[in-house]
Structure formats: structure tokens, C-alpha cells
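With these hints in hand, go ahead and build the complete structure from the sequences.
These protein sequence lines are chains P and E, in that order.
Going by full-length UniProt numbering, the residue at position 89 of the first sequence is 89; the numbering climbs one at a time, nothing skipped.
Going by full-length UniProt numbering, the residue at position 68 of the second sequence is 68; the numbering climbs one at a time, nothing skipped.
Any given hint might turn out to be false.
[Unchecked claim] Derived pair list, reagent style DSSO-like, types lysine-lysine, alpha-carbon separation capped at 27 angstroms:
1) E/87 x P/9
2) P/223 x E/87
3) P/297 x P/94
4) P/223 x P/9
5) P/223 x P/6
6) P/9 x P/297
[Stated by the list, open to error] Output of the computed footprint for chain P on chain E, the stretches with three or more beta carbons under 8 angstroms from beta carbons of chain P:
7) 71-82
8) 88-96
Rather than coming from a laboratory, the hints here were simulated on the basis of the structure.
Using N, Cα and C, we set each Cβ at its ideal position, and we do this for glycine too.
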Amino acid sequence: MLLALKNLKSELQQTGMILGGLLLTLLFFTVVSGIILALFYNTQPEETYRSVLAITENPFTAFIRNFHYWATDLLIFTLFLHITRVALTKPSGKPRRYAWWIGVGLLILVGSEMLLGTFLRGDQESIEAYTHFFLGTTGVVASYLPFVTVITDFFSGHTALFRFFIFHAVVVPFGILSVIVIHGLFAPSFRAMIAPWKKMSDATIRGELKPQPGFWRTPSVRKMGMLTLVALVVIIVLSLLLPAPLLSEPHGGMEVTKTPWWILWVVAVENIYGLNAMLIAPVILFAVFAAVPLFTKDRAGADWGVYLYLIAIAIVLALGFWGALGPQVPHTEMFMEGMEM
Amino acid sequence: MLRPKNMRTDIIFWFFLPIFLVGTTAFAHGGAESGPETRHPETQIGLPGSRMGHDDMGTTTGGMTRGEVAELIEDTQAVEEKRSAIKLTLLTLSIVGLIYLYFPRRSTVAPLASTTTSSPAPQTPLSASTAAKTDDIERRSP
Numbered sequence: 001m002l003l004a005l006k007n008l009k010s011e012l013q014q015t016g017m018i019l020g021g022l023l024l025t026l027l028f029f030t031v032v033s034g035i036i037l038a039l040f041y042n043t044q045p046e047e048t049y050r051s052v053l054a055i056t057e058n059p060f061t062a063f064i065r066n067f068h069y070w071a072t073d074l075l076i077f078t079l080f081l082h083i084t085r086v087a088l089t090k091p092s093g094k095p096r097r098y099a100w101w102i103g104v105g106l107l108i109l110v111g112s113e114m115l116l117g118t119f120l121r122g123d124q125e126s127i128e129a130y131t132h133f134f135l136g137t138t139g140v141v142a143s144y145l146p147f148v149t150v151i152t153d154f155f156s157g158h159t160a161l162f163r164f165f166i167f168h169a170v171v172v173p174f175g176i177l178s179v180i181v182i183h184g185l186f187a188p189s190f191r192a193m194i195a196p197w198k199k200m201s202d203a204t205i206r207g208e209l210k211p212q213p214g215f216w217r218t219p220s221v222r223k224m225g226m227l228t229l230v231a232l233v234v235i236i237v238l239s240l241l242l243p244a245p246l247l248s249e250p251h252g253g254m255e256v257t258k259t260p261w262w263i264l265w266v267v268a269v270e271n272i273y274g275l276n277a278m279l280i281a282p283v284i285l286f287a288v289f290a291a292v293p294l295f296t297k298d299r300a301g302a303d304w305g306v307y308l309y310l311i312a313i314a315i316v317l318a319l320g321f322w323g324a325l326g327p328q329v330p331h332t333e334m335f336m337e338g339m340e341m
Numbered sequence: 001m002l003r004p005k006n007m008r009t010d011i012i013f014w015f016f017l018p019i020f021l022v023g024t025t026a027f028a029h030g031g032a033e034s035g036p037e038t039r040h041p042e043t044q045i046g047l048p049g050s051r052m053g054h055d056d057m058g059t060t061t062g063g064m065t066r067g068e069v070a071e072l073i074e075d076t077q078a079v080e081e082k083r084s085a086i087k088l089t090l091l092t093l094s095i096v097g098l099i100y101l102y103f104p105r106r107s108t109v110a111p112l113a114s115t116t117t118s119s120p121a122p123q124t125p126l127s128a129s130t131a132a133k134t135d136d137i138e139r140r141s142p
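In C-alpha cells form, the structure reads like this:
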């Protein structure tokens, strides 16, 4: 019995080491479902909500939209687990430190990509998210750094949604894929996972794509296959049972919704310190994450790097619960009232 | 001490940074100074419903009060709040599981005096079987 438990623990530990590979698979799922959705999406502002509504009314496109939503949710969920696993196995030594810092960059890119996705929904939450972006940049950051309005102007007016769409569908995914390649060059577990592909034979060079003997029995490949299958089944089941939300048509000048779950911790900080906190809190979190390797020692046992990460993630989770269960607070309405006075 | 190559990079950086800042600030001057009307999001994005402009009182938009809009989204929002709480609970439990699996503990075995300098301490709590399998993968690659 004890041996079985030890084996299970060992299996789970090995599975945790390839969560980065699962992230690649989930990214693939979101890209494919996103491409299909893009065929039915209209970036003309007057038509956006109607096109999204039409997507939800057709069973096939509704399923694809739900699939896109749950694949993205699973991606951010797995991303948190992957970062935690890496923090606990200690990003010490040059390659792992670089992999960690590039990973923090990836986290920022994925966060931006998901925010852009929220803008594109064309519903009430969409305009509230945009209002946050607009007031945050123009109303707060531009007071200190006026040149920021160049960015805001670029993402304003009738072409705003089209430009957001191009960034969401092309620019940021391309950035993510490029940074993943660099991330993979440094990450030891990723390099170990791609090892089965490293082996070159005369036949491969001649162009014969025969898998090497034992290729599919490689533990990392087998586990990746299993994880992909499980993730696919989970996403399909969730997509069939729980549809992705779509709120009412947008009504400007008011804030009545809450953000998606992974950013609720920022909402909780906003509830306390107001809209300005929305800009400062993520910067502090990314700075803390970036500092983790600096406190990590290359020796056995926990150190301040591990503790720093665990304290940060515990605060994020606690604030997330607060944001989810607490009352809805209209931050932008209060900010705009203050601005007009 | 700076090497010539680094100095060149520094000079290029410090040359372009002020030009970029001054240039963009001058370009953006109009936008930042043109008052709350142009800074208002509803006058900027063209989503339907948001094009009505901003009401002075901030209470109605497109003929709907804040309460009416809140009512429109009430059910979906309640479901989303529940889902968010469940997702956060699952994430918390999963992170607790990861802490159980990977928390780096100090070795309870006393190091041998003669080998401490040659063999580094384990960096991860992975079991010996994982290490063996990873070694196997590495060995099979050229």
C-alpha cells in the first residue's frame, strides 16, 4: 500500500514536470478554435455583438466558442500550476533563471492576449474592460507619461475593435510562439521532453518520417499524449455542459460586471485603492515574480525564493476569492465623476 | 569598466530615448490636453449602445438606468461568480497538491565527508526514478 502511494507520488511528480508541454497543446487548441471563430466574427463595432450572438445561436459555432473559452481557462489554470511547479523545483542556475524570466514575459503576453479577448466579446463586460483600459491609460498613466496617449489614440474610434482583433489573432500569438521557442531553449524539462525528436538517423535525413523504435514508449511522450487526451475530453465535456457567458449589449458609462476569475485579484485591490491600483498591482506582482530567482539558492531545502513565490500566490488567491465573493464596485464610474468635477 | 561595445550601445540608447520621449510627448500633447470630453471612453470606441455619449449625471445611457442594465446581466453574472469561486478553489487545491509533491525539503541523510565536494546536492525533490528516466532520454540523444 505504501509502495503504491509512493509510486503514485512519483508518477504525479513526473507528470507535473511536463505541464509546460500541456500548455503548448492548450495553446494549439485555442489557436485552432480561435481561427474557426474568426471566420464568423465581425469587427465592425455596430455588428460585433450581433455576430457574437449569432455565433452562440448556431450549435456548431456555439460549441467552438465554448471550446475556445474553456481551453483558454484551462490554459491559464495550467499556467499557474506550471509556474508554481517551477518555483518549487527552484529556478536556480543560469539556464533556469533565464527560463523563469522569459516565462514571466510569457505570462504578461498571455495575460494581455486574454484581456484583448475580453475586449472582443462586444458585450457589457467588453465595454467595461475597454473603459478600464482607456481610463487607466488616458486618465492615469497619461498624467505622468503623456506619450501614452499615442497608444490610446491608436486603439480608439471606429477601427479600435479591428486593431484589437489583429493584435489578439496575429500579433500577440506570434509574440507568444516566438518567446516560447526562447523559453524552451533554456527550460531543462522542456529540453528533456523534446529529446526523442533530437535523434537523427540516415533515413530521417533522406526524408523518411519513420518514428524511431520505442519513440511512443518514451515516458515523456506517453505522458504528454495522456495529458492531451484528458485535457481534450475535459474541454469537450465542459463545452457541451457549460456554455461560455455572453452578457447583454454594451451600455457605456456604467460598470455593473466583474472581470474573469484569473484577474479578480486586481478587482479586490481596486475595491480598496481605486482605479489607479489596477495599473500598479500587476506591475508589483510581475516584479515579485521576476525577483524569485534572485532569492533562490542552488542547494537542497526551501529558501526565500520559494517563500516569496508562495506568499505572492497566496495573496493573489485570497484577493481573488475576495473579488469573486465580495460585492460589485463601480470603479470607473467613480473615477469619471472625479475627472469631470 | 565599460567595454567599447557596451559604450556604443549605451550612446545609441541614451541618444534615442530622449528623442523618443520628447517626440511622442509633443505628438500626444493635443490628446492629453483636450479635456474630459475626448478622454471619455464612450466617445472613443464605437460599440453599439456606447455611442449614445455620456450623460452628465452618469445614471442613464441609451434610455436605460444603471439598475436596469444590472438587471439584464444579473443571472449570467451570478453564474459567473459561482464559476469563478469554483475555479479559484480548484486552483488553490491544485497548488496545495503541488506543494505536497515538490516542496524542497532538506535532506535528512548526513552527507559523506569525502564526497561532499564532488557531488552537488539534489536541486529538485524528484524521485530517483524520474532522474533515471531523464538520464535515459538524455543518453539516447546524440
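Hints and how they fare:
1. Proximity of residue 87 of chain E to residue 9 of chain P is assessed by CA-CA distance (about 24 angstroms); at most 27 angstroms being required, the pair is judged to hold.
2. Taking the CA atoms of residue 223 of chain P and residue 87 of chain E, the gap is near 24 angstroms; set against the 27 angstroms cutoff, the hint holds.
3. This hinted pair checks out: residue 297 of chain P and residue 94 of chain P have alpha carbons roughly 12 angstroms apart, not beyond 27 angstroms.
4. Annotation: proposed proximity of residue 223 of chain P to residue 9 of chain P holds, straight-line Cα distance about 15 angstroms (limit 27 angstroms).
5. Restraint check for residue 223 of chain P and residue 6 of chain P: the C-alpha separation of about 18 angstroms stays at or below 27 angstroms, so the hint holds.
6. For the hint pairing residue 9 of chain P with residue 297 of chain P, the CA-to-CA distance comes to about 25 angstroms; that is within 27 angstroms, so the pair holds.
7. Only residues whose C-beta sits within less than 8 angstroms of a C-beta in chain P count toward coverage, and the segment 71-82 of chain E has 7 of them, enough to reach three; the restraint holds.
8. Counting residues of the segment 88-96 of chain E whose beta-carbon sits less than 8 angstroms from any beta-carbon of chain P gives 6, enough to reach three: the coverage restraint holds.
In this structure, none of the earlier numbered hints is contradicted; all agree with it.
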